[in-house]
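Sequences are here, hints too, so could you generate the full structure?
Using this note's numbering, the letters of the sequence shown map in sequence onto residues 1381 to 2116.
Think of the hints as simulated: they come from the structure by calculation, not from any bench.
Each hint should be verified, as a subset may be incorrect.
Here are the simulated DSSO-like cross-link-like pairs (lysine-lysine), alpha carbons at most 30 Å apart as the crow flies [to be verified]:
no.: 1; residue 1: 1698; residue 2: 1645
no.: 2; residue 1: 1800; residue 2: 1431
no.: 3; residue 1: 1698; residue 2: 1800
no.: 4; residue 1: 1698; residue 2: 1632
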Amino acid sequence: TQFTNDKSPLAYENLVDQLMASPRFGERWGRRWLDVVRFAESMSLRGKLLKYAWRYRDYVIEAFNDDVPFDQFLTQQLAGDLLEASSVEAQRENLIATTFLVMGDALLENQNKNQLDMDVVDEQLDVIGKGLLAQTITCARCHDHKFDPIPTSDYYAMAGILKNVQGLKHSNVSTTMEIPLPFTEEVQRELEIHDLAVAKVENEINALKSRLDPQSETAFPKVVTASSLPGIIVDDDDVIIVGKWTNSVYSKHYVGKGYIHDDNKGKGAKTLTYIPELADGEYEVRFAYSGGGGRASNVPVEIFSAAGKELVVVDMRKEPPLNRRFLSLGTYRFSADQQNRVLISNESTNGIVTADALQFLPVTKDAVTTRSASQVAKELAAVEQQELKKKISTLTAELSRLNKQKPVREMVNSAVENSKSTDLRIHIRGRIDSLGDIAPRGVLQVANYGPAPEMPTNSSGRLELAHWIVDPANPLTSRVMVNRVWHWLFGAGLVRTVDNFGTTGESPSHPELLDHLAMQFVQHGWSVKKLIRTIVLSRTYRLSSARGDQQADPENRLLAHMNHRRLDAESIRDTMLSVGGTLELQMRGATFPANLTTDVGFRFEAPRRSVYVPVFRCSLPELFEVFDFANPSMVTGRRDVSTVAPQALFMMNHAFVSAQARLTAERLLSESQMTTTNRIEQAYLQILGRRATETELLLTQEFLTSVTDTTENRQVDAWTQMVQSMFSTIEFRYVR
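Written out as structure tokens, the structure is:
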């Protein structure tokens, strides 16, 4: 409405500027570049995930929004890790950009890792050749190119550059390299504060540990004697035993000579009675046992104290928490003139019952008043040791909490330089076991517009390759990108074979125009936005798609009118979400769970823009497959555009379409101040982008009034049918 009401001569130009300034611009145009670079977030093999490829998607979107010069954009993707960065943010951006190198599909299970590496290099050369230069370089892997002047030696000269880059980590099933990103300045400050807090707590723990008796249990000896432990110890060889118990030293972690167990037999017929000699007072009772698999989880332990009998159930499947030896049963008051005892039974237990020593640690001074001076000193020291341990335990818990809050190092799928750079030998017939002469690293001879770049001995040569590709004198790079932009705007490139400028590709329909725009593109600082603006402000772009006499130019190569084009899969999905009122405009971020390990069976339900739908090679959304989404395993400069029966069936029957139609209907009906006519007009404007004709208004009103049941649900059903029928029209899917 704002545009149609603007009667100034600059109205169209202002609209173009407004659209290019929108963050939606990068999402739309970034998705087109993702087609070219075979962007995907998983491998075909088992659906293994490229967990951090989404960072590259976000990088591309931001690059188009920020109008990053295209030569810089390409250099970052080819050799970002080799570029000097002016800031941490720039360094992060450069590393993320190199995800470009590792997104190709590969047979990671291949046990011949040399073959796998060469297949990866071939795939990288394919995307560089077709995507950046529109050259079918990989046709020269096994023999000289049959049609273009690209000898096998040129293939291996360029392959040698990429062979010196490691993008996979090899094992039985190889995995894509994951590289840590440098922390941002903000996170770095948080990390420094965190490290100071951790150091403070660790120093406090170490200071307390230095006050611990080195002979105490904190030294964690596997085997200790009863006399070395504080408090009163009753070992398993000093107990009253009922039934047959078996001696063992298997756990290597016990008090005295070993421990005993019930052999998981004679349930209810075996008991152990521990009888300590205690002065009046309160004691913490600790029970030593051997925990682990196969043990009972319901061992009854009865403590007979001054307060009477108390039952504690012990889960012996869990390791004792105190130095892997003792479990605290609680604190109890004992009286010297009573028979204090602890009874352990295997009655109704569901596994092996083990038992070692019992430890009674005095927790009040009156508990030691009747002991000898040496024993009093020993037991008071034990109390102090217990206090130290409690403080250490509290600080250890605090340390654990701090460590959980530590800023997480972010990762990226990328590649790293090999430590040593070498040249490749020509692989005769492409076989890794049939080697010919060495092919020094280099570039295509046929495209050498000047002296060939000199390859360094201390690095792969990727940076030199990138500089050669984006050199303003390179006749291919600028023309290939200009042609892509033209194709994305018009539906057909000036060279219709957008990924192939070779002899098997088509010639340009307007070679002088292509040259002019390419030179202007470079002169304007490789600005993609300026290029787009130049084209969309032209008279040619603003032509109507109404067709005149088609006999003279049936394919519209002379651009007498705008091409009639079908919406891509993403636009169809986003439009339905938008008119239904559920489209989320949140940008950036991963859009699948962090703990997801495979894409098999994954379904994405969030109403985010389609550029954020995870591109999983094994489970693309059905809408994407039906409406010709780009093949994420290959360079796709030009998507297929089909009109087939499954598309109509999808729009008529799929649950997603029905759901969006219903949401749209409910949204229209919620506007209580609108008349039926107003709602119909609003539906046409939102769904088809135009006003309804008088005939359409009349027919739609007749359909809606034919619904005799005026209940709310029936009204919603009728409007849902109307909206879905509009979604199903050819007019909805095509741009005129």
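Hint check:
For the hint pairing residue 1698 with residue 1645, the CA-to-CA distance comes to about 21 Å; that is within 30 Å, so the pair holds. Distance hint between residue 1800 and residue 1431 is fulfilled; the C-alpha atoms sit about 28 Å from each other, no more than 30 Å. In summary, the hint linking residue 1698 to residue 1800 is not supported, as the alpha carbons are separated by about 51 Å, beyond the 30 Å threshold. Between residue 1698 and residue 1632 the CA atoms are separated by roughly 16 Å; this keeps the pair inside 30 Å, and the hint holds.
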